[in-house]
Each structure stands twice: as structure tokens, then as C-alpha cells.
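*Asks:* Make the full structure from the sequences, and use the hints.
Residue numbers (our numbering), protein chains in the order written: chain A, 1 to 163; chain B, 164 to 331.
It is possible that some hints are incorrect.
Here are some chain B residues the structure puts well away from chain A; computed CB gaps all over 12 Å [what the hints assert, rightly or not]:
no.: 1; residue: T256
no.: 2; residue: G263
no.: 3; residue: K275
no.: 4; residue: A278
no.: 5; residue: Y282
no.: 6; residue: T286
no.: 7; residue: T292
no.: 8; residue: N296
no.: 9; residue: P316
Examples of chain B residues lying across from chain A (beta carbon under 7 Å, computed) [what the hints assert, rightly or not]:
no.: 10; residue: V291
no.: 11; residue: W312
no.: 12; residue: D314
Residues of chain B clear of chain A, computed beta-carbon distances all greater than 12 Å [to be verified]:
no.: 13; residue: P206
no.: 14; residue: T217
no.: 15; residue: V251
no.: 16; residue: D280
no.: 17; residue: A284
no.: 18; residue: G293
no.: 19; residue: L304
Bear in mind the hints are in silico, worked out from the structure with no lab data behind them. Bear in mind the structure is a predicted one, so any value in this text is a computation, not a measurement. A virtual CB, placed ideally from N, CA and C, is assigned to each residue, including glycine.
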Amino acid sequence: MRELRGNLAIAGVVLGLFCAAAPAGQPPVTAAVDVTITVLPYAQVTLDETTLDVTITFAETETVWGPVYIGGTIVCNCPVMVFARVNPPAEAPGVWQADTMVARVEVPGLFQYGNLLRVVVWDIPAGSGSMNFTLGVTGRSAATISEVLPPNLGEVVVTVVPE
Amino acid sequence: MKPSRRERAVAMSGLGARAHALGRLVVAAAVLALWAETAHAIPKVERYVSVSVTPATLDLGSVPQPGTYDSASELKVHVTANCVHGGVVASVTALERAGGGGSIGPERVFVKLPATDNYVAMTNPVAVTGPMNPGVFDVILKFRVETTWADDPGEYTGTLTITCAGAP
Chain A
1 MRELRGNLAI AGVVLGLFCA AAPAGQPPVT AAVDVTITVL PYAQVTLDET TLDVTITFAE
61 TETVWGPVYI GGTIVCNCPV MVFARVNPPA EAPGVWQADT MVARVEVPGL FQYGNLLRVV
121 VWDIPAGSGS MNFTLGVTGR SAATISEVLP PNLGEVVVTV VPE
Chain B
164 MKPSRRERAV AMSGLGARAH ALGRLVVAAA VLALWAETAH AIPKVERYVS VSVTPATLDL
224 GSVPQPGTYD SASELKVHVT ANCVHGGVVA SVTALERAGG GGSIGPERVF VKLPATDNYV
284 AMTNPVAVTG PMNPGVFDVI LKFRVETTWA DDPGEYTGTL TITCAGAP
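*Replies:* Written out as C-alpha cells, the structure is:
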């Protein structure tokens, strides 16, 4: 019995050495990379009607026309302000005015605006002409947002025809 | 009472057997040591698989508007192996916005499979190649990210892990 134990011990030692020397499966090898992506501030204004042709017929006593409202949609991922720029026609000088800021978005998201743009025209001179509105968006805290937006989001053409 | 001569002889015989067994053990150990040394002396090439990536940090660029964004950046995966292995597997963590405020989950990050040119969502680890033969290979990976208006502007970072399954 004692000899049997001794032989078992020797066999165990030999088996252990054999297992240690046998090739084992290689573990997976990995490489890690830091990934970065930048999401820019953005806003998109979509007018219900991108082009609005309005013909005004008025008496000589009338000097103010409007307002006219245009609906639209704003989608943005940061607080923004929507503004309108008015380009009076050279052929019909006078004071053509639109609200500078037509919308303010405090919380990012999707917004439907029923009166996104309000246009008032006064001191209308005799004659006819048209004016263009250019809508733009600016971030309240991210000034670069206007750089990533198309400069001309919509155009409203108003034609004035004296009576 | 003193042991008899026969009893002393028997005792001496037991000691001799123990000494004999001990001697056998010493011899076995010496043989094993010699065998191990001889085994190490035989030249042997281990199986190996190596993977590295370039660049070390991957800038996917800037997303100008929500929707699908295909990055122009590429990641080169350099694989060296002297045996057949399981191929290249890519996985990514969520891209977390710096300063908090949201993340872009791996389900919105896609990797382009070199073989089919199809983009596959990285919700789970993606096998971008099949099993690969021994040799040196470069695998070019491109990525797509989907964003929505709900993703706040800012820088998002995460970790991309490239894994090569070990030798079978």
C-alpha cells in the first residue's frame, strides 16, 4: 500500500509537469481606441409657405398694411432665436418693417409656430415693388450656430399696387 | 527487554526499504528535471495573434445636423498572426457627452463591413471579418453615427475596442 501511494505521488508530479508544458489556447488580444464626435448646435426653420406673394391694393389715404402671418416649424438642439431681415426694394423706397425677432425657443425640441413671421408695412409710397425677408437663426449662447445654417431659410414677396 | 537479533534484522530491513523508496524518488526527480531542461532546449514557435490600431484616438468629426452622419475618418486595424484565428471583432461603449447631458448609445453607432460595404449597428460586438488565415493584414474601418434633435450640442466620447479571437 505504501509503495502504491509513492507511485501515485510520482505519477501526480509527472502529470502536473506535463500539463504545465502543454500548449494552451491563446486568449483574445484587444486594442482600445478613444472615440470622439462633436455635435454642433443646429436649428432648422421650415416655413409653411416658403414663398408668399401678396398683392396689396390700397387707397391713397392708407399708409399702413398688415400684418401678415406666416406659420412654420422650428427644430433645434439648443435655445435659439429666430430673426427676420428685411430688404426693402429699391424701386419702392419707404419704410418696410418686419419684427426683428420673430420667435424665441428656450428649450430644444420641435416647435410649431402659427405666427412665426409678422410683417407690417407702413408709409407705403405710391408705386409698386417687392421686398424680401430672410429668416435666420442664432443661438442664444452659441454664436456659431448661424454659421452652420443655410443663410436664406425663406422668402416672402409682397407686391404693392397703388389703387 | 532487549530486542532479539531477528527483531533488529527486521527493523533494519524496514529502514532499508524506506531508503530505497527515497532513492527512487530522487532519481525520478532528477530524470524529470533533466527531461524538462531538454524539452526547453527544443526550438518551439508559440502561436500568437497581435492587433494594433491607427490612430490611437479616433476623431469622427462634427455632426452639422441631425440624421445619418458618415464620418470620413478611418481606423486602420493591423493584424499579425502565425495561425488561423477568429478574425476582428469591434465593439463600442456609449458616447458620453462631456459635462453630462446625454449620450449616444452603441445602437446609434455603425461600423462598415469591409466585405459588404454595409453598415451594421454596434448594439452588440460586430464581427467585421470572418476567421483569418496566418499573415499580416490591414483592415480599414469606417463609422456612421445617427443623431437626433434631442442630442445636445457638445463633444461626445467613448471607447472603441478591437478584439481578435485567440488561436483555437
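*Asks:* Next step is simple, just say for each hint if it's right about the structure.
*Replies:* The hints, checked one at a time:
1. The claim that B:T256 lies off the interface is violated: its Cβ sits roughly 8 Å from the closest Cβ of chain A, which falls inside the 12 Å cut-off.
2. With 12 Å as the threshold on Cβ separation, the claim that B:G263 sits away from chain A holds: the shortest Cβ distance comes to roughly 14 Å.
3. Distance check on B:K275: its Cβ is at least 15 Å (rounded) from any Cβ of chain A, clearing the 12 Å threshold; non-interface status holds.
4. Distance to chain A confirms B:A278 as a non-interface residue, since its nearest Cβ pair spans about 21 Å, more than 12 Å.
5. No beta-carbon of chain A is positioned within 12 Å of the beta-carbon of B:Y282; the least distance is around 15 Å.
6. Against chain A, the non-interface label of B:T286 holds: every CB pair exceeds 12 Å, the least being about 16 Å.
7. B:T292, annotated as away from the interface, keeps every beta carbon of chain A farther than 12 Å; the closest lies near 14 Å.
8. Against chain A, the non-interface label of B:N296 holds: every CB pair exceeds 12 Å, the least being about 16 Å.
9. At roughly 4 Å from the closest C-beta of chain A, the C-beta of B:P316 falls inside 12 Å, breaking its exclusion from the interface.
10. For B:V291, the interface hint is violated, since its Cβ never comes within 7 Å of a Cβ in chain A; the closest pair sits about 13 Å apart.
11. The interface hint given for B:W312 is met, as the beta carbon of that residue sits about 5 Å from the closest beta carbon of chain A, less than 7 Å.
12. A least Cβ separation of about 5 Å between B:D314 and chain A falls short of the 7 Å threshold, and the interface hint therefore holds.
13. Distance check for B:P206 against chain A: the nearest CB is about 14 Å away, which clears 12 Å, and the non-interface claim stands.
14. At the 12 Å boundary, the C-beta of B:T217 falls inside the reach of chain A, the nearest C-beta of that chain being 9 Å off.
15. With 12 Å as the threshold on Cβ separation, the claim that B:V251 sits away from chain A is violated: the shortest Cβ distance comes to roughly 10 Å.
16. Consistency note on B:D280: stated as away from chain A, and its beta-carbon is indeed over 12 Å from all of that chain's, at 21 Å minimum.
17. A cut-off of 12 Å between C-beta atoms confirms that B:A284 is not in contact with chain A; the least separation is 15 Å.
18. The non-interface label for B:G293 is consistent with chain A: the shortest C-beta to C-beta separation is roughly 16 Å, beyond 12 Å.
19. At the 12 Å boundary, the C-beta of B:L304 falls inside the reach of chain A, the nearest C-beta of that chain being 10 Å off.
The structure shown violates the earlier hints numbered 1, 9, 10, 14, 15, 19.
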